[in-house]
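Chemist: These protein sequence lines are chains A and B, in that order.
Mind the numbering: the first sequence is residues 573 to 928 in our numbering, read in order.
Mind the numbering: the second sequence is residues 76 to 536 in our numbering, read in order.
Since the hints were derived computationally from the structure, they do not count as laboratory data.
All of these numbers come straight from a predicted model, not from anything done at the bench.
The beta carbon of each residue, even a glycine, is placed where N, CA and C say it ideally should be.
Take the hints with a grain of salt, since some may be wrong.
In silico SDA-like cross-links for lysine to any residue, where the CA-CA straight-line distance does not exceed 20 Å [said to hold, decoys possible]:
hint : chain 1 : residue 1 : chain 2 : residue 2
1    : A       : K798      : B       : V286
2    : B       : K374      : A       : F605
3    : A       : K602      : B       : A478
Here are the computed distance ranges between Cβ atoms for each label pair [as the list claims (entries may be wrong)]:
hint : chain 1 : residue 1 : chain 2 : residue 2 : range
4    : A       : P804      : B       : Y121      : 28 to 36 Å
5    : A       : R840      : B       : I170      : 55 to 63 Å
6    : B       : R300      : A       : R901      : 28 to 36 Å
7    : B       : P314      : A       : F584      : 27 to 35 Å
8    : B       : E123      : A       : P804      : 21 to 29 Å
9    : A       : F584      : B       : R300      : 42 to 50 Å
10   : A       : P838      : B       : P522      : 30 to 38 Å
11   : B       : T518      : A       : K602      : 56 to 64 Å
12   : A       : D588      : B       : E123      : 24 to 32 Å
13   : B       : S462      : A       : T894      : 32 to 40 Å
Which stretches of chain A does chain B cover? Using the computed rule of at least three CB atoms under 8 Å from a CB of chain B, they are [what the hints assert, rightly or not]:
hint : stretch
14   : 762-775
15   : 805-813
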Amino acid sequence: MAKRSDYWIDRFGIGDAIAYAKKKSVPLHKHSFWYYWGGISLFCFLVQVVTGILLMVYYRPGPEAFESVRQITYSIHFGWLIRSVHNWSANLFLLSVFVHMFSVFFMKAYRGPREFGWLSGILLLMVGLIFGFSGYLLPMDDLAFFATKVGLEIPSAVPIIGPPIANLMRGGLEVSEFTVQRFFALHAVILPLLFLPILGLHLWLVQKHGNASPPSEEAKPEAERKSIPFFPNFLAKDLAMWLITLNVIALFAAVFPWQLGEAADPLRPAPLGIHPEWYFMSQFQTLKFMGKMFPGYAGEAIGMTLFTLGMVLWILIPFYDTRDKTALRAKRTTYFGLLVVGILLLTTIWGYLGVR
Amino acid sequence: MNYPVWEVPVIGGPWVIGIVSIFHVLIAWFAVGGGLYLPLAERKLYKEGKEEWLPVLMRHSRFFLVLTSAFGAVSGVGIWFSIGLVQPEATSTLIHNFVFGWAMEWVFFVIELASAAVYYYTWNRVPRELHLKVGYVYAISSFLTLVIINGILAFMLTPGRPWLDVAGTGHEASRFWLAFFNPTYFPSLVLRSLACLSLAGVYALITYSRVDDPALEKTKISMIRWSAQWLLPMVLLLPVVLAWFLLMIPNESRVILQQGMTTIGIGAFTQVTRIAMLTVLTTFTIAGVVYFFAYQSPKDFSLGHAIAVLGLAVVATASTEYARETIRKPFVIEGHMYSNGIRKSDVDKINSQGYLTASMWTPDTMDPVKRGEYVFRGQCMSCHTVSGYRSMKRLLQQRDEKAIKKLLEMLHNPPKDSPYVKYMPPLVGTPEEIDNLAVYLTTLSKPPIPASGANGPMASR
Chain A
573 MAKRSDYWID RFGIGDAIAY AKKKSVPLHK HSFWYYWGGI SLFCFLVQVV
623 TGILLMVYYR PGPEAFESVR QITYSIHFGW LIRSVHNWSA NLFLLSVFVH
673 MFSVFFMKAY RGPREFGWLS GILLLMVGLI FGFSGYLLPM DDLAFFATKV
723 GLEIPSAVPI IGPPIANLMR GGLEVSEFTV QRFFALHAVI LPLLFLPILG
773 LHLWLVQKHG NASPPSEEAK PEAERKSIPF FPNFLAKDLA MWLITLNVIA
823 LFAAVFPWQL GEAADPLRPA PLGIHPEWYF MSQFQTLKFM GKMFPGYAGE
873 AIGMTLFTLG MVLWILIPFY DTRDKTALRA KRTTYFGLLV VGILLLTTIW
923 GYLGVR
Chain B
76 MNYPVWEVPV IGGPWVIGIV SIFHVLIAWF AVGGGLYLPL AERKLYKEGK
126 EEWLPVLMRH SRFFLVLTSA FGAVSGVGIW FSIGLVQPEA TSTLIHNFVF
176 GWAMEWVFFV IELASAAVYY YTWNRVPREL HLKVGYVYAI SSFLTLVIIN
226 GILAFMLTPG RPWLDVAGTG HEASRFWLAF FNPTYFPSLV LRSLACLSLA
276 GVYALITYSR VDDPALEKTK ISMIRWSAQW LLPMVLLLPV VLAWFLLMIP
326 NESRVILQQG MTTIGIGAFT QVTRIAMLTV LTTFTIAGVV YFFAYQSPKD
376 FSLGHAIAVL GLAVVATAST EYARETIRKP FVIEGHMYSN GIRKSDVDKI
426 NSQGYLTASM WTPDTMDPVK RGEYVFRGQC MSCHTVSGYR SMKRLLQQRD
476 EKAIKKLLEM LHNPPKDSPY VKYMPPLVGT PEEIDNLAVY LTTLSKPPIP
526 ASGANGPMAS R
């Protein structure tokens, strides 16, 4: 009689998957730590899916949005925990995606044949940022209301197409309960439908091409390179990192549970020092700076153009710095990456100092 | 009252005790668990003939000796120093009741220190059997220090009715053993012993992670796996022992623990629930991480992995200590002495005769603000700071004097269902002293505008 484990292995083809995973290997070198960040991002996303579904049980978009979040935070057993874990994992998700993206960049893991892994990753980051922006409004407290109001002024600044897009997102000329309903549909239905297939493609490409070694490792003779099997060695470590990540999220949720401000009141003045979340702070500060340098629409237009240009260059990096091009291009690309990291960090810190 | 107040800005006095204690506990528990680990590991190696592993175990015993004897002993003195300054009244009560207990502990402590040194310095110098015996002497003496201190620490949470009946009569020492073997004594001892065994495994992983000699690879794998198993008792028994512990603590403490399940609404009052949950989660995380990092891949186990495990152990220890200290609120000795050093039995007397009149360290003549400040220092600063941890400036939320008086009146005569009753000692003193406190707190809540500012150019705008 076949063993019980064989029964399931045969029927679901698990044996093939395990055999494939055993064949796969992960390079082992002094930069191997950075390989975990893709897995951490994925784990944070899964945590958000689970906690998001639980929040949907009690959340009521529309006029009752604030009241339902108030109940979740202050009256429902462990509602505060689910909400705090959802918010902290969202922040950690974006942080780990940024770390993952820059580690891929500096290890030059975007080079062929991994160009589409890079492109799909950037798309996931963009959708992730919209997840963050749309989720921020849902509690409909004071801070969420004014932050969204300020945030939607950015697309409004784009000539001709900007105002209709902003009105479409708001569901009118002002941020209101209709905006909450639209943002909820975006956050809980449209974005997941966009995100999941891109994520599937991204994961498939990672499986197909494996983890890239940094150039310093590639330069070594084959005999000197070390690697470990993906299954079970790397997977076990990945799972340990997931557990640590869960604990970090729990630590933040326990010590800094996500608070709720007062109910949004459009007639009240905006709270002092209002600012976007950390992942939009760099853009916010740059636009603010440009606005001061070039008053009127010109400042915002120049800022938006610079962003767009920077993004396009960032996306196209794999087609500029290819394996068969000169070392000069590789060096220039690294300098460009350092410049981007420097600008992002400086403008973010500057933004927070300005808020103080 | 009887002692001057030690003012610690920003973090406040309790966190000085907290930081020193967490550091000490992380080492002291290793001293107990590691004390058993070393002779058992040595025995295992002799039995299995793994002679090549002896240098590594000797290295681990050096790490053990330095960490426990130097840092453990110094931080232990640090605890005495900090509790004496932050909680002099409670420290005095403990010494008066348990001086005999501490005398016993120090005897075992001296044996522990001596045998640890002998154990390390006699590797390969005395017969192996004798060396192992020294290891067991260490293990027993260090465990007995835990047996003693556990009684005193558990007493603070559950002194027990027999002791409370004689508290304040001068006959407290007559109930020494009843106070010592108090209701939470045994569950606390089992919990602490399990933590000691876990830490023995965690610290051993640090030493073994640094072994990179290919000749030792096989032994490294077997020793890492063996050390990882030292966390098993904690993982398997934690739910049972925790349930036993929760069953034995006072009902008021259980209520405090449950407050934060439904809400984060009453700020710091609900924090203990969240931190207690973190303790349980982190314990299981450590077990999972050790399983995946160490047990599953012992060959690749690196110092980075070991430090990640130790980091988690720090979180688990810190959160456990925080939760244990907090569920005792509003007391420092449950049912007897409030966390600001005021005895429960003295409340009526202080309310009628005054708080400052009984205080030896206050000037004779003071204006109302100064008097209020002295009441604040004596009654509030054991938990609050002016503008740092549990900041009064922040908590008062710019209330005016009238609102502050109302709040203080509530703290003086709290309604039974008030969440403050579960956490904060009642405010004591005469009505005049409470008024003085309100005047002082108003200066923190709404600082007076400087005269030049009020009449200066800004005033006209």
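Chemist: Now, for every hint given, state plainly whether the structure supports it.
Modeler: Okay, the hints, checked on the actual structure:
no.	hint	verdict
1	K798(A) x V286(B)	18 Å, holds
2	K374(B) x F605(A)	17 Å, holds
3	K602(A) x A478(B)	61 Å, violated
4	P804(A) x Y121(B): 28 to 36 Å	33 Å, holds
5	R840(A) x I170(B): 55 to 63 Å	57 Å, holds
6	R300(B) x R901(A): 28 to 36 Å	48 Å, violated
7	P314(B) x F584(A): 27 to 35 Å	33 Å, holds
8	E123(B) x P804(A): 21 to 29 Å	26 Å, holds
9	F584(A) x R300(B): 42 to 50 Å	31 Å, violated
10	P838(A) x P522(B): 30 to 38 Å	33 Å, holds
11	T518(B) x K602(A): 56 to 64 Å	57 Å, holds
12	D588(A) x E123(B): 24 to 32 Å	40 Å, violated
13	S462(B) x T894(A): 32 to 40 Å	57 Å, violated
14	762-775	violated (count 0)
15	805-813	holds (count 5)
Going down the numbered hints, you'll see the structure goes against 3, 6, 9, 12, 13, 14, while the others check out.
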